[in-house]
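6 protein chains.
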Amino acid sequence: MLAEHPAERPNQDRKEPTYLFSEKQVMEKSEIARRFLDTRTRLNNNVDKANNFLVKRFYNIDHNAYLEGALPGKTKELLGLVASACLRCDDCIFYHAIHAYRLGATRAEQEESLNVALVVGGSIVVPHLRRAYELLEELYA
Amino acid sequence: MLAEHPAERPNQDRKEPTYLFSEKQVMEKSEIARRFLDTRTRLNNNVDKANNFLVKRFYNIDHNAYLEGALPGKTKELLGLVASACLRCDDCIFYHAIHAYRLGATRAEQEESLNVALVVGGSIVVPHLRRAYELLEELYA
Amino acid sequence: MLAEHPAERPNQDRKEPTYLFSEKQVMEKSEIARRFLDTRTRLNNNVDKANNFLVKRFYNIDHNAYLEGALPGKTKELLGLVASACLRCDDCIFYHAIHAYRLGATRAEQEESLNVALVVGGSIVVPHLRRAYELLEELYA
Amino acid sequence: MLAEHPAERPNQDRKEPTYLFSEKQVMEKSEIARRFLDTRTRLNNNVDKANNFLVKRFYNIDHNAYLEGALPGKTKELLGLVASACLRCDDCIFYHAIHAYRLGATRAEQEESLNVALVVGGSIVVPHLRRAYELLEELYA
Amino acid sequence: MLAEHPAERPNQDRKEPTYLFSEKQVMEKSEIARRFLDTRTRLNNNVDKANNFLVKRFYNIDHNAYLEGALPGKTKELLGLVASACLRCDDCIFYHAIHAYRLGATRAEQEESLNVALVVGGSIVVPHLRRAYELLEELYA
Amino acid sequence: MLAEHPAERPNQDRKEPTYLFSEKQVMEKSEIARRFLDTRTRLNNNVDKANNFLVKRFYNIDHNAYLEGALPGKTKELLGLVASACLRCDDCIFYHAIHAYRLGATRAEQEESLNVALVVGGSIVVPHLRRAYELLEELYA
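Residue numbers (the numbering used here), protein chains in the order written: chain A, 1 to 141; chain B, 1 to 141; chain C, 1 to 141; chain D, 1 to 141; chain E, 1 to 141; chain F, 1 to 141.
Warning: the hint list may mix true and false statements.
Since the list gives no way to pick out one identical chain from another, each pair is judged satisfied if it fits inside one copy or across any two copies.
Stated by the list, open to error - Below, simulated EDC-like cross-link-like pairs (lysine to aspartate or glutamate); rule was C-alpha separation at most 20 Å, straight line:
(1) Lys-49 with Glu-137
(2) Lys-56 with Glu-134
(3) Lys-56 with Glu-137
(4) Lys-29 with Glu-137
It should be emphasised that the hints constitute simulated quantities derived from the structure, not laboratory data.
Looking at chain A on its own, in the form it has when it is part of the complex:
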């Protein structure tokens, strides 16, 4: 028998953020973003096909964590960006930098977020910072 979570607070406070730019627009602007998103889609198809219950549950929670709530969607993507940079995952950094861009984050906001990750995470973050700046250069050209 599967454990069930009890009744929850009404979720009126969680909603999809409004994107200023589509994924397609991002891919037209940045070659790095295009390659990243293409590979991600191809590999995710594989995961989807496997139809693993727990993976899907996890993806669902992951999606929910970035919905608009007490904090705006843009801020949450910047939180995701910092988490990704601290834990040093290029794919995750690209993902959240693209989403933050699509939600209207300025380049300065992205850089300041990455700076928190740099100071908290140290010089080991620098190679990832360099690759992130390459993406930012294309996105904000």
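With the hints as your guide, set chains B, C, D, E and F onto chain A.
Leaving out everything else, chains B, C, D, E and F in the frame of chain A:
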């Protein structure tokens, strides 16, 4: 609006494992286990009271990851033990070592699991190994 | 000879944030915060006494990373909170949760930030989440 | 003078596991596995040539950690898989997923093991999970 | 059957370093060192009693990694200190700081080593740095 | 207003180390080094162009951490190598191995340093060790 996960495979393959020992029995046997579980309960009450939607979802997934399935519950707890030791979290190590014990894992099985964590994770795991052995000493006395 | 950094953009865009609550008020409200800040002060005195050039430089950069800029101070503290929770450092979590509180972050904003850390960092973050909630309980009582 | 370890328990309880599939069979089945194993062999030749005492000792311990003992070889490879996924090393994930396959682990067992790593390690594990699924897709085709 | 490592280079180049101070002297000088070493000994007794083959092998390799060789023992302890501080393990930091002290490292050498760890590892290292400075304060009083 | 650090110890004890080999010589000797340094330069140009205040400050501290002081420059690069290997960053490993080589570190000194990282960091370091040995093979040919 909250994103929903699509239809899932019937969960007949997930069920609660059968514990050989209750949490109470563990607490009577080991003072370390008792202190750990008491603190954990006290702090979790706090989290429960906050009634945060996403935290509850996460706890639910976490619970599901260790249910009986293709792998027996005991093996999954040993997987959790190795993950916890590699990532160096005493609380998590204690939690999974206790659950593995309750599901009938022998001391040798626990030690071999910890050895995988030691070799993969290196000497930085050793201080946690020492504290884990202190718990094992009490559990398997 | 010491390497020097070249001329920089005028730093008019960096300024100290305005705190709604003093450190003293926080310490009166929360016993956990008081103990944490007392220990931190005592140990930092030791570090200050050593007067190490590079440590001081690092502390200075660290201070600068959280100043008001393109992003408000409160948001930066929440970024610091997520970074700290992902990298699983209780001291750092306490520090940024307290600063975020002093800058007016609501409990819901703190919880949503911690949720990003939880989803990105996984269940290994949970023991730290529990201790963070204990602090939040006192701060937002 | 080199420090020596004292007398040890007779090692009757450690023996090589029996593989159901050879490395060659794996390489014929999966292009990803072939590329990974080829690169690994080429780079290991380099390390072998250096003939470093401590590296060889470490490799020997590493080998011993996965021998049959209180736990079967297959389970130990799944423990190694979880450790590798938690610590986010693609090479290590590929290595243990291949070995688990060669020892008869089913795809479901591999997925459930990866799920423990996903829940313990968080979404930062997802990019590695995607690449692992790509390998599983080829191995279990 | 247990895998054996092949013939090795003669180990003439590995020898025990010569300590300037005994562990006892350190414990008389520093209360922090005394508490740490006492707890470590107590917990290690537990591990020794278990007589686990692989743990003993690992302890042996660990011992060998810090023997005099191409690099002096003191330098190796400082390497161990940096590794420990980067990976944020107080026990390991204390252990290597004490050994470096016993091998004649000056306080400035310890601080410069910790600075490398601070810059590489970031502000998340700071709480460990503070506790390390507390120990250094006692050792070099 | 920007926070300023107070007066510091005179920095007479920090000076640029004397390199035995230029970066150009390294690039002629090793194709791996050449590719790494070319990419690094290209990406750093991007970062430089952004002219971010805090990134420049961080780069400056980073530079200072490896200057000659109580410890020689070569030793500090080996400390950086161990930190990089423990935290598992190929770019950082390459960077410090190249600098250590340029400052006269022998291959045996590099291997012994990597061994400390291997033992502290565990088998998860091995894939990085293999790639480091490939570079060492070219540098010390």
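(request) Have a look at Lys-49 and Glu-137 and pick one of within, between, both or neither, based on CA distance no larger than 20 Å. (result) between (35 Å within a copy, 10 Å between copies)
(message) My question is about Lys-29 and Glu-137: at a cut-off of 20 Å on alpha-carbon distance, are they close within one copy, between copies, both, or neither?
(response) within (10 Å within a copy, 33 Å between copies)
(message) Please sort Lys-56 with Glu-134 into within, between, both or neither, judging by C-alpha distance up to 20 Å.
(response) This pair counts as between: shortest inter-copy Cα distance 17 Å, intra-copy 32 Å.
(message) My question is about Lys-56 and Glu-137: at a cut-off of 20 Å on alpha-carbon distance, are they close within one copy, between copies, both, or neither?
(response) For Lys-56 and Glu-137, only the inter-copy Cα distance (17 Å) is at most 20 Å; the intra-copy one is 34 Å.
In summary, this structure violates none of the numbered hints.
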